[in-house]
Amino acid sequence: MSKFQFPESIKSRPVYGTLEPRPGKAHLLIADAEGAEAILDLAAQDADLIAKAHIIFIPKGTDYSDKLRALNPAQYYEGPSYEASLQRLRHVLAHAHQGLQVYLTGTEGLMGQAQNEAMQAGIPHTAIQTEHRGSVARRMQCVHCKGITEDVMHDPFQCAHCGLHLFVRDHYSRRLAAFQGVRVDAEDPGNIPDPVELYS
Amino acid sequence: MTIQFNEETFRDDYSFRNSEWAIKRFPFPFHEDSYMYSVNMEQHRGGPEGSVYEKRFDVDEHYVSEMRDRAMVLADDPLRCQSLPHMTLAGWDTLELIMVSKSEDYPDLFELHRDGDRWRWINKPMGIDHTFTFLDETTLPCDPLEYITRQAQGDFAVLDQRDEMLYMDAGMITTQADWSLDFDIGMDFFEWHAPVPLAHEMGIFKRALKFLLNIQQGAPARRLNWTMTVNPLLDTSPENYHKWGVQKTTLTPENIGSKQHLRVELQTFYRLPRSNALLFPIRCYLIAFQDLVSMPKWGRRLHRVIRDLPEELATYKGFIDNRPMMLDYLSKFDDGLPTSPGVFPDLESEPPLQK
Amino acid sequence: MSAAPQKAKPGAEQIPVTVSAVVPLNDLVTRFEFKRTDGAPFPTFSGGAHTVVTMQDDGRTRLNPYSLMSDPADTSTYAISVRRDDQGRGGSLFMHTRVKVGDEMTLTYPVNLFSLDLRARKHLFFAGGIGITPFMSMIAQLERMNGHWELHYAVRTEALGTYVDELRYKFPNKVHVYYDDQNDAIPLESLLDGQPLGTNAYVCGPKGMIDWVHATAAASGWPDAQVHSEEFMAPQPGAPFEVRLCKSDKTIKVGENESLLEAMEREGVEAPFLCRGGACGQCETDVVSYDGEFVHRDHWLDDDQHASGQKIMPCVSRFVGKSLELDR
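Chains as they are written, first to last, in our numbering: chain A, 968 to 1167; chain B, 10 to 364; chain C, 10 to 337.
In short, the hints are calculated from the structure, not lab data. Incorrect hints may have been included.
Unchecked claim - Cut-off 27 Å, straight-line C-alpha distance, at most; resulting in silico cross-link-like pairs (DSSO-like, lysine-lysine):
{"id": "1", "chain 1": "A", "residue 1": "Lys978", "chain 2": "B", "residue 2": "Lys215"}
{"id": "2", "chain 1": "C", "residue 1": "Lys183", "chain 2": "A", "residue 2": "Lys992"}
{"id": "3", "chain 1": "B", "residue 1": "Lys215", "chain 2": "C", "residue 2": "Lys256"}
{"id": "4", "chain 1": "B", "residue 1": "Lys326", "chain 2": "B", "residue 2": "Lys219"}
{"id": "5", "chain 1": "B", "residue 1": "Lys364", "chain 2": "B", "residue 2": "Lys268"}
{"id": "6", "chain 1": "A", "residue 1": "Lys992", "chain 2": "C", "residue 2": "Lys44"}
Turn these sequences into a full structure, and let the hints steer you where they fit.
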C-alpha cells in the first residue's frame, strides 16, 4: 500500500488530497516512484483527460513506466531524476496558458519542488492538486546554513552541508519546498538524542 | 528636546543600556496581573506625551546603535531583507510612509523635500542626504524597502492582501523573536503563525486576521507582544540560534538582574495606499529585569504574570528552563500589594516596595 | 493594552470635500469631482478602491459607496461616476438632482475590496455598464507601472457608453466595446482561452455577468483565485421589523426603505461599517435571540453562518418574524 495517512499537524504543514479530474485546456501530471499509481487511478476515472495530458515521471527504481506509457498520454517523458527533468518542466510551464491543470503525486519532495515551479509560473498554489504516495522521507532545510538535505528519514538528522545535528520540524516553506531543521543541541551542546525513524 | 543617541552594542560585550528616560517610557505589556493571548488591538493614533505610543514611528536613544547592528546582521546574512517581485510598490509605499512620518514627527532629525517625484531625504543622526526619484528603483542604492528600513528601528513585515488572506511577501527582519523571514516569506497568515501553541485553538488568529484585513488607510492599529531574551541581543534569529541558544544557560542568581531581559514588541499595522498591502512594523524594546523592577508596580506584576503563565507559553517563549530562577529573583520585588490597572508605571500613586 | 484607549469610530476616516465639478456624461451617468476643503492633497489610493459619500438629504443621512475612478496618483482631485437609479432608495437621485459645484460633503478614506493582484502577468478586465468605474483607476495605475491589461466592456447602447470615447482614444489596442442593442456579446470563452499562465480576470457589472464570468472561467480550468469580482449590493427594501438592541438597551423599528444599519444609525447607535454593501464584514453583528426568518443578502457570512441564526450583516440583511435581539 503506497498511501500513508499523515497525522494532523500545524497549519504550515502541507495536507495532500486525492487527484481528481478537473476541467482544463491542458493537463500536466508530474509523479515520482509510487506516484505512478495515483496517475493510473486518475486515468481509470477519465481517459480523455490523459489523452490531453503531458506526463513527467521519475521512476526512482520502480517499474511503472510501461503502464504509464500504455495510457497513451499526449506527451510522455521519463527522467532519471527531478533535477534532470527541471529544465523541461520550466520550459513547459513558461509556454503554458490559463486553464492548465497541474497534478502532482509521489513524495513530498517531488510535489513540493514541482509545486513551487508551477507557482513561479503563475498558478496559485491552491489550484494545484497533490496526492502523496510512497516514501515519507522529507526534504529538509537547515535553517542555519540554508543547505537542503534530501530524503531525511530520521529525527534528529545531520545536515549534509554544515554537519550540525538538526531536529525535524513540521514548519514547512512552499517557496523552499522544505521542512525546517533546527540545531537540536543548541542549548546543551553535544547532547544529541538518538535518531528515531519518522512516523515510527 | 533632541535625543542623545547611545553608543552601545547588542552583541559581544553587550554594552546596551536604558537611560532613566527609556526605563520610564518602556512599553510594559501587561495591563493586569495575568496574561493570556487576546486580540489586544487598539488604534495607533498617538498616546501620552513622551511615550513610545506618541509618534507613528518611535525614535529613541538606541536608534543609531540599532541601525549599526542591523547593518552588521545584513552584512552577515543579506537574506534577512527580501521582497517577492510583486512587492516593490509596497516597498515604495513603506518608504513614503516612514519618510513623511519621521520628517513630520521629528523635524529636528529628519527632513523630506518633495518636488514632484524628485525627493531629497535628510537623515541627520545617520548622516544621510540623498536625492532620488520616487518610484524609480534605479535611483536608490537598494530596493526601497531595504533603503528605508536600514534607517528605521524595528522589523518590518509587508503583507500582501489577496482573497481575504494576508501573505508575508516582503520584509526586513533582523530583530525577531526567533522566526526566519527567509523561511516564512510567501506564507499565509495562518502558516507563518503555525508554530504558535494554543492560539489557533482559541480562534485568536481567525479573529486577528479579520481585524487586520479591515485595517484601512488613515486608521492604523497597534498591539503589544512579548517574550524573554538572555542578554540584550536583538538578532535572536533561528539562523543564529545555534550560536545564541547556549547563552540561555549562562543565567545565574547573581547575574539574572542584568542579563535577563523582557523583550516587548510594539506591533503596528498600516494600510498602504498604492499597493493595498499591510505594513506590519514590529518594534523591539529590551529592558533588563533590574531596570524593570525599579518601577514597583512592574516588579510586582511581572512576578505574578511569569508565575502564573501556562507551561505551553513559557515553553514556546523559550524560558521554561529558566522560569524557576526568574521567579526566585522576581519574588523579591513582589510584596503582595495590589497593582493599579493599565500598563503605565504610575510612580506617583503606586507605593514603594514594602520588603 | 490601553496605552491610550480610543473608541473606534464606525466607517473609515472622513475627509471634508467641496464639489469642484459636476459633469453629465450621458442620460444616466454623471461624474462628480471633489477637492479637499482644507486644500491639502488627498491620500493616494490603489486601483479599484471605493469611497463612501455622506449625503445630507433633508435631515436624512445617506451613506453610499462609489468606486473612485480618478487617477490614483492624482492627489488634487477625487472623482466618482454615479448612475441614476430611479427605482433605488434615493441616493443616486440625490446626487443627480441636488449636488452642485461648491457644495460641501464628506468622503471616507479609500477602501479597497477589489484590488489588483500585482503578481498577475496580465490583467483581463470585464466591465458591464457602470461597472466600468473601478477599472478606470486600475487602468491608470497599471499604465504607470507598465502593466499588461486588456478591457472588454459591454454597454447597452452607443449613447450610454460611459467613457467609451475616452478609453478608445487613449488605448485603441487594449479597449474592446460590445453593444447590447447590436447583439454584440463579449466572446468570453475564446477570450479566456490562450491567455498566458498567471493572467488574472476581473469583472464588475450586473450579478448575472459576474456569475457568467466565474462559471465560464471555472469551466475553462481557471483557478477561482484568479477571477476577481466586485458587486456592491444596494440594500433592498422590505417589510418593516422591530429589533431589540441589547447593549444599547433600545428597541428600534426598521422602516421599509431603510436598512437595519441605517435604522441603528438613525437611533444614534454606533455600529461599525465600511462598504455598506455586504462585502467587507465590518458590521457583522451577533444575534442574541430570534423568532422568525433572516433575509440574508450579504457575501460575507458563509452558508453555515447564514443557517446558524447567530450572525447578521445589518448593512444589507433583514428579518421577518416575531422578535429579534442583537448584541449591539
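Here's how the hints hold up against the structure:
no.	hint	result
1	A/Lys978 / B/Lys215	12 Å, holds
2	C/Lys183 / A/Lys992	25 Å, holds
3	B/Lys215 / C/Lys256	24 Å, holds
4	B/Lys326 / B/Lys219	25 Å, holds
5	B/Lys364 / B/Lys268	23 Å, holds
6	A/Lys992 / C/Lys44	49 Å, violated
Hint 6 from the list above is the single one not met by this structure.
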